[in-house]
Each structure stands twice: as structure tokens, then as C-alpha cells.
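Whenever a hint applies, use it, and build me the whole structure from the sequences.
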Amino acid sequence: MTGRASEHNKVLCLGRIYCDIIFTGLRDMPVLGRERFADDVTVVAGGGAYITAAHLASLGRPSALLTRLGTDPLSRGLDPELESSGIDLAFIERSRDAGPQPTVALVKDGERAFVSRRAGTSRPASLEKALAAPDIAHLHIAEFATLKDNPDVIAMARQHGLTISLDPSWDDELIRRDSGFFETCAGIDVFLPNVEEGEALTGETSTDAILSALQKHFPLVVLKRGEHGAVASQGSNSVSAEALPVTVVDTTGAGDAFNAGFLHSWLDTADIERSLAAGIRAGALSVQSPGGAPPRRS
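Numbers 7 to 304, taken from my numbering, label the letters of the sequence shown in order.
Among the clues, some could well be false.
Unchecked claim - Straight-line Cα separation of at most 25 Å, PhoX-like style, residue types lysine-lysine; simulated pairs: (1) K16 <-> K135; (2) K135 <-> K154; (3) K154 <-> K16; (4) K154 <-> K222.
Claimed, not checked - Label-pair distances were calculated between CB atoms; the ranges are: (5) D274 <-> P140: 16 to 24 Å; (6) H234 <-> D46: 22 to 30 Å; (7) S242 <-> V37: 43 to 51 Å; (8) S246 <-> N15: 21 to 29 Å.
If you are wondering where the hints come from, they were derived from the structure by calculation, not from laboratory data. No residue lacks a Cβ here, since even glycine has one placed at the ideal position from N, Cα and C.
Put into C-alpha cells, the structure is as follows:
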């Protein structure tokens with residue numbers, strides 16, 4: 007392909023950026039009134055929008071980050087990583103009220119618990135400009151909380167001919183109790199929940215029942231099942247893929263890495279079987295090191 011078509015292939019990733027402080031090698035999780043010690047700590051940029059964009063860039067897919075970032079020392083400390091990521095940073099809005107946004111991740115035996123803080127609004131001043139950029143082909147929304155804050159973003163993206171994906175990202179208030187979830191999500195092309203989110207949204211427990219319930223609302227559903235792989239369902243076509251046998255260091259951001267692999271393939275091929283395999287490979291790469299993004303470029 008040549009000309010404009012070949013340039014119209016960038017993925018725009020919308021969502022908050024966090025400063026991830028990841029403690030690994032914990033033998034026991036903390037309890038009130040007691041102190042625990044970890045073997046190691048890593049401080050990296052986090053949040054689904056960044057992690058997905060970084061993995062897309064590492065796969066050779068042009069990606070852009072649409073977010074707000076603080077001016078505080080914690081937020082500024084992420085600049086070197088962002089600048090070396092290969093992501094287009096032109097649509098990042100810097101604002102004093104946008105930070106700090108830390109996430110503390112506690113990792114034990116490959117699983118983790120998080121405590122995070124959100125700061126300010128999630129709507130970047132650059133939103134309309136980013137969606138109208140001529141090289142953008144797809145909008146990926148990295149968390150339902152951001153979509154709920156900006157429910158008009160789907161219609162705006164549609165006006166510019168973009169396809170749209172959503173990873174709901176676990177949130178007790180928004181996933182378990184929000185009765186307007188599916189109405190807000192109307193117009194999403196690719197829905198990318200994990201199995202826990204699927205269970206919470208549908209009230210079902212089996213993979214087949216979860217997929218059947220979600221397909222009433224989304225044309226393509228990709229259900230991430232952790233160590234059990236993933237399943238994609240589109241119309242009458244359903245395919246599954248097993249997880250790869252790798253040494254798990256930290257599962258933080260593995261689902262967001264999976265999203266990148268899946269979307270990179272799907273945007274080129276529309277083949278859900280190939281795209282599922284690509285997502286599994288990206289997720290497997292992510293879990294082998296602390297943090298969700300691929301290894302930093304020199």
C-alpha cells in the first residue's frame with residue numbers, strides 16, 4: 007500500500023498515566039499494623055494507555071498517547087521513559103492538577119494487588135485535535151472510567167472514521183455497580199475484558215456464557231483468561247489460544263500488552279485467530295519482567 011492509506015495506521019491510546027511503584031519478591035502481603043519487606047522495587051510508567059501504546063510501538067505499529075500528565079516531580083520523573091518509548095507524545099497535556107498519579111503494586115507469586123490515586127479530569131484538552139489527526143486509524147480506550155468521564159468520545163471517533171476498542175480495566179464502582187455500562191459502550195468494535203471483569207459484568211461464570219452475554223453488546227469480544235490463555239468470539243466464529251509456558255515475574259500490564267498484540271494484528275488482517283496468537287505472545291513477553299511496558303530502548 008502506498009500514499010495516504012499506508013500512513014493511516016496509527017493507534018491512539020486514551021487513558022490516564024500512572025507512576026507504577028512495583029514491589030516484587032514479597033513473601034507475605036501486608037496486613038494492618040505490620041511491615042513487610044520486598045526483594046526488589048521498580049519505578050516505571052504505567053496505566054493501560056501507556057503500556058498498550060508502548061507495546062504497539064515495539065511491534066512497529068505507530069502509536070500515540072492521549073492523556074494528561076502532571077508537572078510534579080513524580081510525573082516529571084516519567085519523562086525519560088516516555089521519550090524513549092517510540093510513542094508519539096504530541097497529544098499529552100501537561101497540567102498541574104493532573105498529578106501525581108501513583109500506583110503501588112505489590113507482587114507475590116506472580117499475582118498482585120494495587121493501590122492507586124487519580125488526579126484531576128481525564129479529558130485532555132488535545133482530545134478533538136488528536137481524533138482528527140489524519141494518520142489515526144483506531145482509538146483504544148484503556149479504561150471504562152475514562153470513557154464514563156467522556157461518553158461523547160465514541161461518537162467523536164466515529165465522525166472521523168475510526169474503529170474503537172475498550173479494555174474496561176477493573177474498577178469496583180464502575181464495573182460492578184454501573185447499570186449504564188453497556189449503554190455507555192455502544193459503538194465499541196472490540197471489547198477486551200479479562201475473565202473477572204466478564205464475570206462481574208454478566209453475572210456468568212463459564213467462558214461460553216460470558217462470551218454469549220457480551221456478544222449481545224459488542225461485535226467482537228476477546229476474553230483474557232490469564233494462565234489459561236484467551237478466547238475471541240465474533241458472530242458464530244469462536245477461537246481460543248493457550249498461554250505460553252514462560253517464567254512469570256510480574257503480571258502487571260499483561261492484559262494491556264495482550265491488547266497491543268491483538269490490535270496490531272487485527273488492524274492489518276481482521277483475522278481473530280492470528281490476532282489472538284499475537285496477543286498471547288505480547289502478554290507472555292510482558293510477564294517476564296517488572297512493569298507492563300517492553301524493555302526500554304537505549
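Status of each hint after checking the structure:
1. K16 <-> K135: holds (14 Å)
2. K135 <-> K154: Holds: K135 and K154 sit about 20 Å apart, inside 25 Å.
3. K154 <-> K16: holds (24 Å)
4. K154 <-> K222: holds (20 Å)
5. D274 <-> P140: 16 to 24 Å: Hint holds: Cβ distance 19 Å, inside 16 to 24 Å.
6. H234 <-> D46: 22 to 30 Å: holds (28 Å)
7. S242 <-> V37: 43 to 51 Å: holds (49 Å)
8. S246 <-> N15: 21 to 29 Å: Since the Cβ atoms of S246 and N15 sit about 28 Å apart, the hinted range of 21 to 29 Å holds.
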